[in-house]
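Work out the full structure, taking the sequences as your base and the hints as a guide.
First to last, the protein sequences are chains A and B.
At position 130 of the first sequence the residue is numbered 130 (this note's numbering), and the sequence of numbers has no breaks.
In this note's numbering, each number is its position in the second sequence, counted from 1, plus 1000.
Just so you know, the hints here were simulated from the structure itself, not pulled from any lab data.
The structure presented is a predicted model; accordingly, all values stated were derived computationally and were not measured.
This list has only true hints and no planted wrong ones.
According to the in silico footprint, chain A covers these stretches of chain B (three or more CB under 8 Å from chain A):
(1) 1004-1017
(2) 1027-1034
(3) 1042-1049
(4) 1060-1072
(5) 1088-1095
Ideal Cβ positions, reconstructed from N, Cα and C, are used throughout, including at glycine.
Below are the chains, spelled out letter by letter.
There are 2 protein chains.
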Amino acid sequence: MEFSSKLLENAVNEMSQLPGIGKRTALRLVLHLLKQEEIRTTDLATSLVKLKTEIKYCTSCFGISDTQLCDICANPKREERMLCVVEDIRDIMAIENTSQYRGLYFVLGGKISPMEGVGPGDLNIAALVKRLQEGGVEELIFAMSASMEGDTTNFYIFKQIESLGIKTSTIARGISVGDELEYADEVTLGRSILQRIPFENALKV
Amino acid sequence: MEFSSKLLENAVNEMSQLPGIGKRTALRLVLHLLKQEEIRTTDLATSLVKLKTEIKYCTSCFGISDTQLCDICANPKREERMLCVVEDIRDIMAIENTSQYRGLYFVLGGKISPMEGVGPGDLNIAALVKRLQEGGVEELIFAMSASMEGDTTNFYIFKQIESLGIKTSTIARGISVGDELEYADEVTLGRSILQRIPFENALKV
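What follows is the structure, encoded as structure tokens:
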């Protein structure tokens, strides 16, 4: 792609560094900004820089928060005995949307992925283990993505805390509600048969 | 979508103002920036603000350019007798990629679209008419998008310059090269029959 302006080329190159944004999309976005009032561009730029430089993390769950303790960790009505391990803040938002969980969260900051150069040391695993050692948590719920990396991360943490005798669980894998059996992949369908649940439990939901 | 941080919410809101970027995508992009070095965010922000505040337009074709005359307008090898009217700089890049056009361009800055509140006064139509009145252009080629708005804009300009006696043409509409007839829409197929060309002309390409 050849540009008639160095300024334009720079902006497009920077924009296309974002995941899922190719050069053509970046050009479309940048030209859109050019058509808008200047305040739109400066507001966008300022909000990004402000977020990056002033961002704070909850000292308890490592989620993004403007205060030392995030709203969930600071809420006395949440059950402190349950701790749900997630990859990032988006997973908290997704689970909160279901209104089915009243415990606390712990944000790992990703999952172990040798392919992407992410080792256990890059995640908040040490802090998690320390928190569990301090006591108070009775059940640890793994809510990582259903991938090889997610399973590896779960297993790595499980091995580290096995001796603490804390109950561990993982969110159920199975056929999505509303899905037809014939369109489910074999691994999911296989797991949903192996990990079948008593029918009276299913009636409770 | 509920956010745990005002800073995060601001950044996501600003990002989701961009066309085709919803709240979820915006959150994904912003969280990606958070994981990167700070320089990535400041570089992106700086390049956008710099582009917006320092952008210059070619005084001849109104395309984006760092110099007073863009590279194409300043090139003495381009044919000055042909002027191709396009909506924005992306169209110039697309046509230049074909290496099939050696004339000059004129960027209108959009198309007449009452639905989006864009009237003839919002485009560079007056400057185009003035340029044509000054003489030197023998053929005006309309290369607007094949939409109602594109056709309207072409017709509006045509009416303004009809008396100047300049030859006008529009880029050919028809079946895309490589396309199957049965999948073409009726309007395109209909036009391609009505505007059929002598077979010996097709052989020349």
